[in-house]
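Peer 1: Just need the whole structure built from these sequences, with the hints factored in.
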Amino acid sequence: MRGKKNLFCTLLAIGLMWVFQPEAASADSGTIAITETTNNFNVPCGEGSANYDSDTKTLTLENAVISQGSAASPLLYGITIEREGVTVELLGKNSIDAYTGIWSRNPFQILGNGGGNLSIRASRNQDVNSVACFGIKIESGGLTVQDADLKVTLDDLGNVNGYAIDICGNDNLISNSHITLTMPPGSTTAYPKTTGINATMADSLTITDGSSITMNTVDAGIAVTGNLSISESNIVIERGNQYAISCGNLDISNKSNLELIAGSHQAIGTGNLTISNSFVRAESEQNNGLLCANLEVTASSEVIAKGGKYPASFVENHMVIRESTLNAQSKEDVGLYCSNGDIEIISSKVEAGSDKELPGILTEKNLTLTDSEVNSTGKAGEASILARADIYVTGGTTEIGAGKIISGNNITIAGIVTSDGSPSYNNIISNNPNGILIFPKADYSAVNAAIEKANGLNKDDYSNFDIVEKAINAVVRDKDIREQDIVDGYAQAINAAVDALKPVLLPPINYPIIESDQTVVKDGTSSVTIKIDAVFNEFIGVSVDNKEIGKDQYTAKTGSTIITLKPEYIQTLTEGIHDVTIHFVNGTAQMNLTVTEKANPDDTDKPDDTDKPDTPDKPDDTDKPDDTDKPDTPDKPDDTDKPDKPDTPDKPDDTDKPDTPDKPDDTDKPDTPDKPDDTDKPDNTDKPDTPDKPDDTDKPDTPDKPDDTDKPDTPDKPDDTDKPDTPPEKPGDTSNNGQPQRPSGSLNNGQTPKPSGSSNAQTTGQSTQTKAPKTGDHSPIEGLLLLMLVSGVGMTAAKKYDMHFKRSNHE
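Residues in the sequence shown are numbered consecutively from 1, following the numbering used here.
Calculated directly from the structure, the hints in this document are not laboratory data.
Some clues are possibly wrong.
Said to hold, decoys possible - For lysine-lysine, the following BS3-like pairs were computed, each having C-alpha atoms within a straight-line distance of at most 25 Å:
1. K522 <-> K551
2. K531 <-> K566
3. K453 <-> K531
4. K479 <-> K453
5. K93 <-> K151
6. K470 <-> K502
7. K331 <-> K365
8. K453 <-> K470
9. K557 <-> K547
10. K479 <-> K531
11. K255 <-> K349
12. K547 <-> K566
13. K547 <-> K531
14. K356 <-> K379
15. K365 <-> K379
16. K459 <-> K441
17. K331 <-> K309
18. K93 <-> K57
19. K522 <-> K547
20. K502 <-> K459
21. K522 <-> K479
22. K522 <-> K502
23. K598 <-> K522
24. K441 <-> K479
25. K331 <-> K349
26. K557 <-> K531
27. K453 <-> K441
Peer 2: Listed below in structure tokens is the structure:
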């Protein structure tokens, strides 16, 4: 009997198992089931298909639609997997509508191929109203989602809980995949009703390689018992009614981006939280933005933590912010709080505060601020920064608003502390009566630099150097950083005194001119070059006749300084002497420049009328011989050959006449013009310039080269035949073959007599014969005396004339 009963129970169990066993495949609807013994199959699923290869353990969904069809309630399971290591491959668009989309007893993998995707809708089954609803459920083992787009929607849950993805074990991976989870509005119960990713029994979950997970409103976002690692991925949880992320340890790295908002619990609650080169926004409406055992934010990360009733960032043990930015603001508590460890902020920017004006930063241990920009404000007169132990501030700037820095022990300040932007060191206190406040010495580097600059000057070069010495003597050493502004004032005072120095005025330097052109002709091509012994870098400009000329009128170059006045500028100068001044920083160089007009070719040989001597050799009328005795005109220099005309150099004044006692009778008086006295000499001012000096051909003797009787020195030694009354002929006079002429017997009151036109004695190689006296003339003895007197006067006149002639030639 007992045997029959056991057999009946066995058969009943087998029957029940047969009833509830999922179908292996369905043409239009039904569950896709894979067991250890399932063979290959290919079944239609809507317009697509489901194909299973038992050798590779691969179930391929290609545009498959797995659902209940027209039934009122959804399938209990869309896909069930009993075999370990199965891969679900996605091709095209696939969908599952079931109470549980995919259920697996063992780890499995979802693999997208060519952009394949899967959409799962998990909703309540009326026949099973007490079991949770799942998009993907793994009883034991991990899940891998690779290169896939996965969308899970929980809908119409009723009284049951819903899990978009539920994992119970092992390591889990989401790589290069995009997962979107949509939940119904959450509940107000103490425990989550809807969960995005629940891996409470998993060892780890890694989200990497550009993956993204997005959730709308959910009670719990991501829960992992083990470690959660997010690398190069984006996580957005629009609102976790309870928490956004809760895990054993959390590592966020490689430019990941997390936007998390929580309601009643923490936005992030974890053990060790490490954020590197990433952005994290963690806000909680009622709790902590960040809650962790240890916090490390590094490598240019940016973290925004906002809290409600509790600190925005609550760290139990140790907090390190290095080369990053942290903003922590709480509505009702402190910004940053470390309950049992130190806070270190290094080369970072931190802003911490409380809407209730509580301390921005509070630690039960030590606080170290190094080379950071920290803004931690509090209530006026109360703590903005509070550390129960020591406080170290090195470098950087710490802004405390109207509050204070309060330490339970020692304080060392080696940075800048400001209150509302102004340096302030009087609001730093220790609550320990034995606490030590250490302020480093002020920075005197600017003062030392100013003193060194002043010492490099020669005090003798300035008339008021005492103001610099006074500023230097006012410096007080050994001040600490609390008086840094005073120390900075020392440097400013010294520099201001140096700037106010007045140099001792030195006489300007008269720079020597090494070489220059003293004269220049205005011919349109001539320039003037002036070389000055002066430094070219100190050259300023050029002025002519006290008027500065444009830089386009000259060139200037080094060596030492060479100035060249251009021809076109020379053309603008008037004829005459001009003052040229070359200006330098410390002096000038000056010279006179003579400018002459370009000579007219017709005027080069013909002097002006002012230069022509007034008929120098022409005797007065009383001395003028007869026309027949008149010397040849060639002895008279042409206008072009004459030297510059002296003021009537050869025309004798009355003073040129012989003294009256020696004056013979009027009829016998020799020509006085032949005896020039000193008044015949041209004044020095009348002396002809060297260019106007007559050539040898212009000399009175040489042009006609007269015979011995024509030479001027014959009067010094007259022959018997050469009468002393014959004046030296005018140079160039060719009348009577160049022979001297005897004046006519009558004088005209000292005027030059007109020459007779009939007498023209031939004297070439002969002596001129004296005519016999006519009736009524002087007796022979008187004539002899007269002849001797005239000869003496003539010789004297000839000598003077000769001296005058030679001096003129010499000059």
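Peer 1: For every hint, state whether the structure bears it out.
Peer 2: Hint check:
no. : hint          : in the structure
1   : K522 <-> K551 : 20 Å, holds
2   : K531 <-> K566 : 15 Å, holds
3   : K453 <-> K531 : 37 Å, violated
4   : K479 <-> K453 : 22 Å, holds
5   : K93 <-> K151  : 11 Å, holds
6   : K470 <-> K502 : 15 Å, holds
7   : K331 <-> K365 : 24 Å, holds
8   : K453 <-> K470 : 15 Å, holds
9   : K557 <-> K547 : 21 Å, holds
10  : K479 <-> K531 : 59 Å, violated
11  : K255 <-> K349 : 19 Å, holds
12  : K547 <-> K566 : 16 Å, holds
13  : K547 <-> K531 : 20 Å, holds
14  : K356 <-> K379 : 8 Å, holds
15  : K365 <-> K379 : 22 Å, holds
16  : K459 <-> K441 : 31 Å, violated
17  : K331 <-> K309 : 6 Å, holds
18  : K93 <-> K57   : 21 Å, holds
19  : K522 <-> K547 : 20 Å, holds
20  : K502 <-> K459 : 11 Å, holds
21  : K522 <-> K479 : 75 Å, violated
22  : K522 <-> K502 : 47 Å, violated
23  : K598 <-> K522 : 6 Å, holds
24  : K441 <-> K479 : 6 Å, holds
25  : K331 <-> K349 : 21 Å, holds
26  : K557 <-> K531 : 10 Å, holds
27  : K453 <-> K441 : 23 Å, holds
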